[in-house]
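Trainee: Counting from 1, position 1244 in the sequence shown corresponds to residue 1244 in our numbering; the numbering is continuous, with no gaps.
A few of these clues could be false.
DSSO-like mimics (lysine-lysine), calculated; alpha carbons at most 30 Å apart, straight line [as the list claims (entries may be wrong)]:
| id | residue 1 | residue 2 |
| --- | --- | --- |
| 1 | 212 | 143 |
| 2 | 204 | 609 |
| 3 | 539 | 204 |
| 4 | 88 | 881 |
| 5 | 308 | 1156 |
| 6 | 498 | 204 |
| 7 | 308 | 703 |
| 8 | 210 | 89 |
| 9 | 449 | 212 |
| 10 | 703 | 320 |
| 11 | 308 | 143 |
| 12 | 609 | 98 |
| 13 | 98 | 212 |
| 14 | 298 | 1166 |
| 15 | 411 | 98 |
| 16 | 93 | 725 |
| 17 | 332 | 298 |
| 18 | 403 | 124 |
| 19 | 715 | 725 |
| 20 | 725 | 659 |
| 21 | 124 | 201 |
| 22 | 609 | 498 |
| 23 | 88 | 98 |
| 24 | 143 | 927 |
| 25 | 1166 | 1156 |
| 26 | 927 | 403 |
| 27 | 284 | 308 |
| 28 | 927 | 449 |
| 29 | 411 | 280 |
| 30 | 212 | 284 |
| 31 | 200 | 498 |
| 32 | 609 | 71 |
| 33 | 460 | 411 |
| 34 | 703 | 725 |
| 35 | 539 | 609 |
| 36 | 212 | 200 |
| 37 | 539 | 332 |
| 38 | 71 | 124 |
| 39 | 98 | 881 |
| 40 | 124 | 539 |
Quick caveat, the hints were computed from the structure, so don't treat them as lab data. None of these values were measured; they are calculated from a predicted model.
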Amino acid sequence: MVADKVLAVKTCLDVLSLPGALLLLVYGIRHAREEEEGDGNGGTESSLYKPLNAEAHDDGAADSRVTPFAKAGVFSIMTFWWLNPMMKKGYEKPLEEKDMPLLGPSDRAYSQYLMFLDNLNRKKQLQAHGNPSVFWTIVSSHKSAILVSGLFALLKVLTLSAGPVLLKAFINVSLGKGSFKYEGFVLAAAMSLLSAAIYKKQQKLSGSSKLKHSSGEIINYVTVDAYRIGEFPYWFHQTWTTSVQLCIALGILYNAVGLAMIASLVVIVLTVICNAPLSKLQHKFQTRLMEAQGVRLKAMSESLIHMKVLKLYAWETHFKKVIEGLREIEIKWLSAFNLRKSFNGFVFWTSPVLVSAATFLTCYLLKIPLDASNVFTFVATLRLVQDPIRQMPDVIGVVIQAKVAFTRITKFLDAPELSGQARKKYCVGDEYRIVMNSCSFSWDENPSKPTLKNINLVVKAGEKVAICGEVGSGKSTLLAAVLGEVPKTEGMIQICGKTAYVSQNAWIQTGTVQDNILFGSSMDRQRYQETLERCSLVKDLEMLPYGDHTQIGERGVNLSGGQKQRVQLARALYQNADIYLLDDPFSAVDAHTATSLFNEYVMGALSDKTVLLVTHQVDFLPVFDSVLLMSDGEIIRAAPYQDLLAHCQEFQNLVNAHKDTIGVSDLNRVRSHRTNENKGSIDIHGSLYKESLKPSPADQLIKTEEREMGDTGLKPYILYLRQNKGFFNGSMGILCHVIFVCGQIAQNSWMAANVQNPDVGTLKLISVYIAIGFITVFFLLFRSIALVVLGIQTSRSLFSQLLNSLFRAPMSFFDSTPLGRILSRVSSDLSIVDLDVPFGLMLALGASINAYSNLGVLAVVTWQVLFVSVPMMVLALRLQKYYLASAKELMRINGTTKSALANHLGESVAGSITIRAFEEEDRFFEKNSELVDKNAASYFYNFAATEWLIQRLETMSAAVLSFSAFIMALLPAGTFSSGFIGMALSYGLSLNNSFVFSIQNQCQLSNQIISVERVNQYMDIPSEAAEVIEENRPSPNWPQVGRVELRDLKIRYREDAPLVLHGITCTFEGGDKIGIVGRTGSGKTTLIGALFRLVEPTGGKIIIDSVDITTIGLHDLRSRLGIIPQDPTLFQGTIRYNLDPLEQFSDQQIWEVLDKCQLLEAVQEKEQGLDSLVVEDGSNWSMGQRQLFCLGRALLRRCRVLVLDEATASIDNATDAILQKTIRTEFRDCTVITVAHRIPTVMDC
């Protein structure tokens, strides 16, 4: 009883000492803050970290949006009071992105990145050789925050461990949470800083580095790797506090059981030693897993970008199988990793059982007496150390994941960059704009294999130079060399003036037409108006639903090829540069528009500018000051048109090839109209372009990303467990855990009931205790296995449904869904479903069962506790509900902001050459930083909200505990045996912990389950028509004749959109050669889409050889038609794979086809022949060569109906003539439908 009185006195003293402790704490933090402010804002260095665009940040409006955390007082920070307004708002209505205040200026990605660079450069100067470590640079950038949070973590451990000796539950509350402020910040900072660094790096990647890091992988670095590193600071202190806690615990044990403590020590040391090789394996598996995930993402992003091509060729099934194969490899490493992690967990969970067994046995052997006080001090200590020990596997897992992610990111940050050899100098009054003196360039920086050799070029200000030559002769590479994109191996190059660049493959950003043309410049109405006229865009904009405010989909999906090119031309013209590099911009527009563009744009608007134009249109050449003829990476002749024509045989062949087929565009007309047309251009085009109405976002093509709203209840959990025997595996796991917990209670009850029972000998007491312990361990093992099986089966099932749904989605889905949204689901969300959700599920359920069992024990022993605990439970659940309202929305916002970030990154990688050419890197970096901040803010607030909740819960459970202690002290002596009081208080002490731990895990799980919700959004996309309709399959040799009949064909792209094709009726007889011509945007490509059922007809029919194409399966239809699409697409892999991915043809047949499509020499020159590499997007082959490969595919397939959609736009006339001849002979019995802009291409039809 004396013990009880002492306890009561101690508890009273604790309660009284609380205000004093708080005061001390407040004082300490005050000082820490002042010092920080002294270092941070007063010093000179801090001026470096202020954002450059400081004016913008000083506005009152921006100020009101900054997080209240930045201005919070000490009390507010200690109690998370600053978060209350946001939590309240989140409870009243679902939070939206605009409800989240911005991070403080010094915590934004831009400032963090500057600080990181500053530290990195300082370290580089100190370290003469080798690169400084990224990890230690980040640590040194935040050392004060890490140290302060470390101090708080230490205080928390000390107060926690003091618990078993004194019931100091209160101090835990007041101290434990100071560490948050710094952890939360380091967390958001590490993520933002790395995302910013990765973005900055991709802006400078050299050609050879791009081969190693595809856009899919770079997106993975930001969405998955940076996220894994962002989690790390949260666990950072747990890596060492657990050891401190263990040491203190051993001290207390020594106090309780004397030398028997050595046995505990031995067991703990053995556990840790056993774990070392496991962790090594885990590291290896995690590395392999991330590599496998990278490979799968690369394949997925490639398939999703080129989905249209896959559908046209009916290759989806094959590409889907490839991705499934890659996913299986990933699953193999995933299960290896999860098994090790789960086994780790098993080892740590069993260690308390082993420790108690070893210790009690030793007590028996050393004849140390066991009584209630020392047994339950021992049990209480063990229970307190349990949770940190059980978290060890998670900590190890997080450390390993962060380490692997760090290695990957560091490797990327160390990749070779472009050296700015040809950076533009702004020389005023210099008459030479471009000077190259015996230069050689090589894409792979190899002097022995130059891509361009011995280039001598001098271009004066205002000169117009045309570059022509056959396919693959190095024309585009020459422009890239002027831009500084190709590494120079020898010679001297100098560029003077601002450059503008129009790429051959149009790069259009998601956004409005106006945004694309202005490209970051300010709006000058008159100049803008003139630009639109010069680029013949006025009519097109009138046709678009909202004029220049129309949203263009990703990669310009809702513009035709020609419109995309003209938007690019407008972007270049609006920049008002000195040097214009135009890479075959007229190939995608019709002949009439090409002539008008050439006169208006090149000869009119750019009359006083320096122009380098790559072109295949010979009619334009006479007006140029000089024509460069290229072949095999060399300039063979450079002279004015007439001289070349007189003296150069190759050039004569080029012009004659053109003349053979031309009879339409008179060369003189180009020259004579040159002067007159400029004056009258405005009258010709009719009215000026009128300012259009601002559209409502709902009607635009790209909708804002959908997210679930409010409380979805158990829906996502049921969805997760419904997959592939999920319920069975899950319930087995829970059952095993319940038995384990009951076993533990039985163990302790046996001890409590019999420790002072003279009839039960010490040996019997201990052996029964140990026996129960060992039986429970088996159930733990089963639980671990059930968990891994659950995780793997569910991940597999969810992914295959997602993949099927994406590959069966209609083209309209891909047109209106930015790639970033899909990629963030198959990268970061899937990674969370794979690695975090199964463990989160088990931890949450396990911790909740533990907490309620603790409460149950307390209630049985001191039922009076129920008076406090029941209201507390009710309050706690209300609090949790209040918290989840905001936290779930924050996680969902985190998902949508991550998609936006991934999308912007993907676009920037694709358009990096254009962005560098216009010197817009800083603007894009700023935009990226803004997106990173939005993403980091949601993550930061979610973290803060969790701590807000935990703090309130800890205060409440401390209240319960003191109340129990008071009741026990006040009860008359002898009501309970001291053994039971010991047991009740030991459970009470850990009640606080286990309760907080359970709610913490539930909240973590409800955040992670959002990923299941997001993946599920794309699992039920309405799919296209059936691939195969069994009862209506066409005969194996259909179509035999190739007769195509259109009956009153009407097409619209969406329900509410206007008709694009207005009732077309015509018949193409079998074997006919049909030409389809028309202005850009007149619906030529739509007609082709209808033939392949990329869009289903709104009215009317298409009948091929008396089969209505809507009655047969899509796969049957598309695999029987041949097409050479408008955008030539090559996939990463070999040449053989690109021509014949389904492996239906022999090498012999492939070589024959390569010969027919003029690629034989180009492929034979490569060492590996058909196994030569094709990189992402086929960017190591010229545009013309890519079109030839697509022709090769058509020649291999030999279809009765062949569609050529602008198939030879990027090819010189001589090659074009040969190709037309090949098509005439090879497909003479087939129906050939040709969409063309060049009249000669359709002359035969």
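Trainee: Does each hint hold? Answer for all of them.
Mentor: Taking the hints in turn, this is what the structure says about them:
Straight-line distance between C-alpha atoms of residue 212 and residue 143 comes to about 34 Å, which puts the hinted pair past the 30 Å bound. Simply put, residue 204 and residue 609 have alpha-carbon atoms about 28 Å apart, close enough for the 30 Å limit, and the pair holds. Taking the CA atoms of residue 539 and residue 204, the gap is near 38 Å; set against the 30 Å cutoff, the hint is violated. Using a Cα cut-off of 30 Å, the hinted pair residue 88 and residue 881 holds, with the two alpha carbons roughly 12 Å apart.
Only pairs whose Cα atoms come within 30 Å are accepted, and residue 308 paired with residue 1156 is accepted, the gap being roughly 26 Å. In summary, the hint linking residue 498 to residue 204 is supported, as the alpha carbons are separated by about 19 Å, within the 30 Å threshold. The suggested pairing of residue 308 with residue 703 holds, with an alpha-carbon distance near 20 Å, which does not exceed 30 Å. Of the supplied pair hints, the one linking residue 210 and residue 89 is violated, its CA atoms being roughly 45 Å apart against a limit of 30 Å.
A hinted pair counts as satisfied when its Cα atoms are at most 30 Å apart, and residue 449 with residue 212 qualifies at roughly 20 Å. Distance hint between residue 703 and residue 320 is fulfilled; the C-alpha atoms sit about 27 Å from each other, no more than 30 Å. Restraint check for residue 308 and residue 143: the C-alpha separation of about 51 Å exceeds 30 Å, so the hint is violated. For the proposed pair residue 609 and residue 98, the alpha carbon gap of about 45 Å is over 30 Å, so the pair is violated.
In summary, the hint linking residue 98 to residue 212 is not supported, as the alpha carbons are separated by about 38 Å, beyond the 30 Å threshold. At roughly 25 Å between alpha-carbon atoms, residue 298 and residue 1166 fall within 30 Å of each other, so this suggested pair holds. With a C-alpha separation of about 36 Å, the suggested pair residue 411 and residue 98 falls outside the 30 Å cut-off, and the hint is violated. A C-alpha spacing of about 37 Å is found between residue 93 and residue 725, which places the hinted pair above 30 Å, so the restraint is violated.
Proposed proximity of residue 332 and residue 298 is supported: the alpha carbons are some 18 Å apart, at most 30 Å. This hinted pair checks out: residue 403 and residue 124 have alpha carbons roughly 22 Å apart, not beyond 30 Å. For the suggested pair residue 715 and residue 725, the alpha carbons sit about 17 Å apart, so the restraint of at most 30 Å is met. Restraint check for residue 725 and residue 659: the C-alpha separation of about 71 Å exceeds 30 Å, so the hint is violated.
At roughly 18 Å between alpha-carbon atoms, residue 124 and residue 201 fall within 30 Å of each other, so this suggested pair holds. For the suggested pair residue 609 and residue 498, the alpha carbons sit about 11 Å apart, so the restraint of at most 30 Å is met. Taking the CA atoms of residue 88 and residue 98, the gap is about 15 Å. The hint holds against a cut of 30 Å. Pair hint residue 143 plus residue 927 holds up; C-alpha atoms about 28 Å apart against a cutoff of 30 Å.
With a C-alpha separation of about 18 Å, the suggested pair residue 1166 and residue 1156 falls inside the 30 Å cut-off, and the hint holds. Only pairs whose Cα atoms come within 30 Å are accepted, and residue 927 paired with residue 403 is accepted, the gap being roughly 29 Å. A threshold of 30 Å between alpha carbons decides the hint, and for residue 284 with residue 308 the separation of about 38 Å lies outside it, so the pair is violated. Under the criterion of a C-alpha separation no larger than 30 Å, the hint pairing residue 927 with residue 449 is inconsistent with the structure, at around 39 Å.
Our distance criterion of 30 Å between C-alpha atoms is met by residue 411 and residue 280, whose separation comes to about 20 Å. Between residue 212 and residue 284 the CA atoms are separated by roughly 21 Å; this keeps the pair inside 30 Å, and the hint holds. For a cut-off of 30 Å, the pair hint linking residue 200 to residue 498 stands: about 22 Å separates their Cα positions. A C-alpha spacing of about 54 Å is found between residue 609 and residue 71, which places the hinted pair above 30 Å, so the restraint is violated.
Between residue 460 and residue 411 the CA atoms are separated by roughly 43 Å; this puts the pair beyond 30 Å, and the hint is violated. Distance check on the hinted pair: residue 703 and residue 725 sit about 36 Å apart at the alpha-carbon level, beyond 30 Å; violated. Taking the CA atoms of residue 539 and residue 609, the gap is about 26 Å. The hint holds against a cut of 30 Å. At roughly 17 Å between alpha-carbon atoms, residue 212 and residue 200 fall within 30 Å of each other, so this suggested pair holds.
A threshold of 30 Å between alpha carbons decides the hint, and for residue 539 with residue 332 the separation of about 56 Å lies outside it, so the pair is violated. For the suggested pair residue 71 and residue 124, the alpha carbons sit about 35 Å apart, so the restraint of at most 30 Å is broken. A hinted pair counts as satisfied when its Cα atoms are at most 30 Å apart, and residue 98 with residue 881 qualifies at roughly 23 Å. Distance restraint check for residue 124 and residue 539: the Cα-Cα separation of roughly 57 Å exceeds the 30 Å cut-off, and the hinted pair is therefore not satisfied.
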